[in-house]
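Peer 1: Read top to bottom, the protein sequences are chains D and Z. The working numbering puts the first residue of the first sequence at 1, with every later residue one more than the last. The working numbering puts the first residue of the second sequence at 1, with every later residue one more than the last.
Hints in this document: simulated from the structure, not taken from any laboratory. It is possible that some hints are incorrect.
Stated by the list, open to error - Taking lysine-lysine pairs in the DSSO-like style, the calculated list, with each CA pair at most 27 Å apart, reads: (1) K187(Z) to K45(D); (2) K19(Z) to K65(D); (3) K189(Z) to K179(Z); (4) K7(D) to K189(Z); (5) K7(D) to K131(Z); (6) K131(Z) to K45(D).
Stated by the list, open to error - Distance ranges between label pairs, derived from CB positions: (7) Q124(Z) to R56(D): 45 to 53 Å; (8) S129(D) to E96(Z): 34 to 42 Å; (9) R71(D) to D144(Z): 54 to 62 Å.
Only a predicted model underlies this, so the values are computations on that prediction, with no experimental measurement involved. Ideal Cβ placement from N, Cα and C applies to all residues, glycine included.
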Amino acid sequence: MPDKPRKSDEEVLENLMNELAEGILEISDEEIVAEAREARVDPDKAAQRVAELVQRAIEQRGQRKRQAARREYEATIAAMQKRTYRLPDDPQERRALLDAVVQRYPRVRSAVTLQHRDLTSLSDADVRSQLRKLQELGFLDADGKPTGEGE
Amino acid sequence: MSDEREAVATEEQVRDALKALSVADRLRLENFAKLRVRAIGAKAAGRDHQELLQEAFVAVLEGRRKWKPGSVSMVDLLAGVVRSISSHWAEAYDPETARPESELSNDPQRPSPLAAAQSDSPDQERELGAKQELAALLRYFKEDDIVVLVIEGFREGMTGQQTCEALGISRKDYEAARKRMTRYRGKSKAEGSQDDA
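Build out the structure end to end from the sequences listed, making use of the hints.
Peer 2: Printed below as a string of structure tokens:
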């Protein structure tokens, strides 16, 4: 035997368990089921427990995805609120600006009117909010001027 | 051909493959995780094989461990993740914050070390528990030369394969000995408890 320090009982047991674990991966399906029965374990019950863990993992994954999406959304909103955009001071000019953008981009019109039915029904606060969103999306520059050529 | 082998599964494919694991594969993974947790003992810090498995499933679903269905089976991938997580638990173990193992273990095969001797540190307690478990195993296999040699090989710091090479044990005989020890554990557990949950 090589001249190495002898392992403690704990280390021997650890190696043994790891070796037995590797052995589990190499035995046939029939053997694993037979061994479970021999150990008085109901294979179907045991398999069901694992299926439940899979289900829990899937749910946990879904929950983490939703939390991540929520964090991303909140970060975007926070960034939007921090940014300063210039918009016309006059409410009429703001409404006219929104109108100009939706004329230039019909898809924007459908998105805005989908939410509000009719542009004329928008309050000034809604107009500001829509213009800020359009700035975020790049339809208006930071000075409140429409960008691009339109559709 | 090599593109197919290298293609990484989508999350949906991973989910479907996890749900489609056979009864034998689920049993295999459960036993594998139990033995890995048993191997690290108190270093699992109270976590059990179910937590280990669930963490592995989440890691694969999240894509932290990529699955290439063309080159590895889902079971082999999961076994690798279970190995890696349990090793990480053992490495991250801090004995300063550890609870005595007797508070954590519900393994009927593992006698309460504190009941047998006065011991005031988790290290001593673990060592004593391991001594008793090994002694019981060696008593049971006292006439099984290969098992005794394999354990002695571990004692000398060798792996199973190194022991076989050094002592001229065939792979087949080694695997058969490993199965006998696995069966012994299953039998002991069954005698200790009817419910192997």
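Peer 1: Now tell me, hint by hint, if it's right for this structure.
Peer 2: Do the hints match the structure? See the list:
1. Straight-line distance between C-alpha atoms of K187(Z) and K45(D) comes to about 18 Å, which keeps the hinted pair within the 27 Å bound.
2. Of the supplied pair hints, the one linking K19(Z) and K65(D) holds, its CA atoms being roughly 19 Å apart against a limit of 27 Å.
3. Between the alpha carbons of K189(Z) and K179(Z) the distance comes to roughly 15 Å, so the proposed pair stays at or under 27 Å and holds.
4. A C-alpha spacing of about 26 Å is found between K7(D) and K189(Z), which places the hinted pair at or below 27 Å, so the restraint holds.
5. The suggested pairing of K7(D) with K131(Z) holds, with an alpha-carbon distance near 12 Å, which does not exceed 27 Å.
6. For the proposed pair K131(Z) and K45(D), the alpha carbon gap of about 33 Å is over 27 Å, so the pair is violated.
7. At roughly 36 Å, the beta-carbon separation of Q124(Z) and R56(D) lies outside the given 45 to 53 Å, and the hint is violated.
8. In this structure the supplied range 34 to 42 Å is violated for S129(D) paired with E96(Z), their Cβ-Cβ distance being about 55 Å.
9. One distance hint, 54 to 62 Å for the beta-carbon pair R71(D) and D144(Z), holds here, with the actual separation near 58 Å.
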